[in-house]
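Chain residues, written in single-letter form:
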Amino acid sequence: MGLLFEGFKLGIASLWAHKLRTGLTLLGHIMGVITVITLVMVTHTMNLSEIVVQQNGNLFDWYIFRWGSNPLMLISFLIFFICSLAETNRAPFDLGEAESELIAGYHTEYSGMGFGVFFMGEYANMVIGASLATVLFLGGWQSPYEALIPDGWWWFLAKVYFLIFCVMWIRWTYPRTTIWGLLNLSWKYLIPISLFNLLLTGAMLTLF
Amino acid sequence: MSGYFSELFGGTWSLLVGLGITFRYMLKPVVTVQYPRQSLTMTPRFRGHIELIANEETGAPNCVVCGMCQKSCPSNCISLAGEKSETGKGKVLTKYILNFTTCSLCGMCVESCKFNAITFSKEYNLAGPRKEAYIFDLKKRLEERRG
Numbered sequence: 057m058g059l060l061f062e063g064f065k066l067g068i069a070s071l072w073a074h075k076l077r078t079g080l081t082l083l084g085h086i087m088g089v090i091t092v093i094t095l096v097m098v099t100h101t102m103n104l105s106e107i108v109v110q111q112n113g114n115l116f117d118w119y120i121f122r123w124g125s126n127p128l129m130l131i132s133f134l135i136f137f138i139c140s141l142a143e144t145n146r147a148p149f150d151l152g153e154a155e156s157e158l159i160a161g162y163h164t165e166y167s168g169m170g171f172g173v174f175f176m177g178e179y180a181n182m183v184i185g186a187s188l189a190t191v192l193f194l195g196g197w198q199s200p201y202e203a204l205i206p207d208g209w210w211w212f213l214a215k216v217y218f219l220i221f222c223v224m225w226i227r228w229t230y231p232r233t234t235i236w237g238l239l240n241l242s243w244k245y246l247i248p249i250s251l252f253n254l255l256l257t258g259a260m261l262t263l264f
Numbered sequence: 006m007s008g009y010f011s012e013l014f015g016g017t018w019s020l021l022v023g024l025g026i027t028f029r030y031m032l033k034p035v036v037t038v039q040y041p042r043q044s045l046t047m048t049p050r051f052r053g054h055i056e057l058i059a060n061e062e063t064g065a066p067n068c069v070v071c072g073m074c075q076k077s078c079p080s081n082c083i084s085l086a087g088e089k090s091e092t093g094k095g096k097v098l099t100k101y102i103l104n105f106t107t108c109s110l111c112g113m114c115v116e117s118c119k120f121n122a123i124t125f126s127k128e129y130n131l132a133g134p135r136k137e138a139y140i141f142d143l144k145k146r147l148e149e150r151r152g
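Chains as they are written, first to last, in the numbering used here: chain A, 57 to 264; chain B, 6 to 152.
Hints are computed from structural coordinates only; laboratory data are not their basis.
Note that the structure is predicted; figures quoted are calculated from it, not measured.
We treat Cβ as the ideally placed atom computed from N, Cα and C, and that holds for glycine.
Zero decoy hints are in this set.
With the Cβ distance kept under 8 Å, some of the chain A side facing chain B (calculated, not the full set): (1) Trp225; (2) Thr229; (3) Tyr230; (4) Tyr245.
Residues of chain B placed beyond 10 Å of chain A at every Cβ, according to the derived structure: (5) Thr37; (6) Gln39; (7) Pro41; (8) Arg42; (9) Ser77; (10) Ser90; (11) Lys100; (12) Leu110; (13) Phe120; (14) Phe125; (15) Tyr129.
Quick list of simulated restraints, FRET-style, between CB atoms: (16) Met169/A with Leu110/B: 48 to 56 Å; (17) Val38/B with His100/A: 55 to 63 Å; (18) Phe218/A with Tyr139/B: 50 to 58 Å; (19) Arg232/A with Thr17/B: 14 to 22 Å; (20) Asn240/A with Leu110/B: 48 to 56 Å.
Could you build the full structure based on these sequences and the hints that come with them?
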């Protein structure tokens, strides 16, 4: 929404079209939400602390490895991760920032602290996405092997840092996708797969 | 529809291969040389401007002022002069001026010298404030090098 407001403020017609395109991309991010819905169906709760507590035990109780509840948990996690990348305009999906390199994007008019605040917001968004992914899928603060190193906030930090490392790793590996490529990816692959995932989880919950 | 899954799995596999490549690069040692604080050594055949070779014991240049380098230089960079030696045998070098502004590093001078008097130096980071800084007095340079 913030992006839409900025585009409007700048008041240039081409930028408004760009905002619409960005909006469409954002709509394509619903599959991230669908993935979370799938998980909530399994956990029967939306309370994040409870979700972490449910992953107590050992490594294979983390939701990403609970293939008894839903064999596609790994895919779920991947889809969630890709969506958080796309949501934060990060790594291969940073079309908005790219356009500022061509002096047409929404970053251009801002400089100094305004720009700094934008970037801090982007990084904070990234951290939030990583934190959410570790809470939902990777077991939050649970340790994979209780006796060796006990549970605690350090595990949470370690997992968040690991996910952020993966985000950086992806950034330095892949070239930027085109808008067509991104929309193609989200609407033709991610959404059908996440909807299938949702149906599969529902089926498994009913049958078992 | 036919290519859907093959594209999906093939694409995912290629993405993972890419990640593996960058991960391996991350673990390799850094090859950046922090230039002014560290410097590279040039390879043995590297051609910097020519320099005089001195006799090991006496410290005098091997040059006998035959003038072959001056004659063979296609750009007329070299000018040298000598005087008759005290022992009466041959000449002794008094001045050897290299005009590096016109030198093309062709190596005809080094090739034509039969007395092992000149060779290529390994100097690569020359910088000077004016053109005259590149008219090298090779005899003076030899004395500075010998210390």
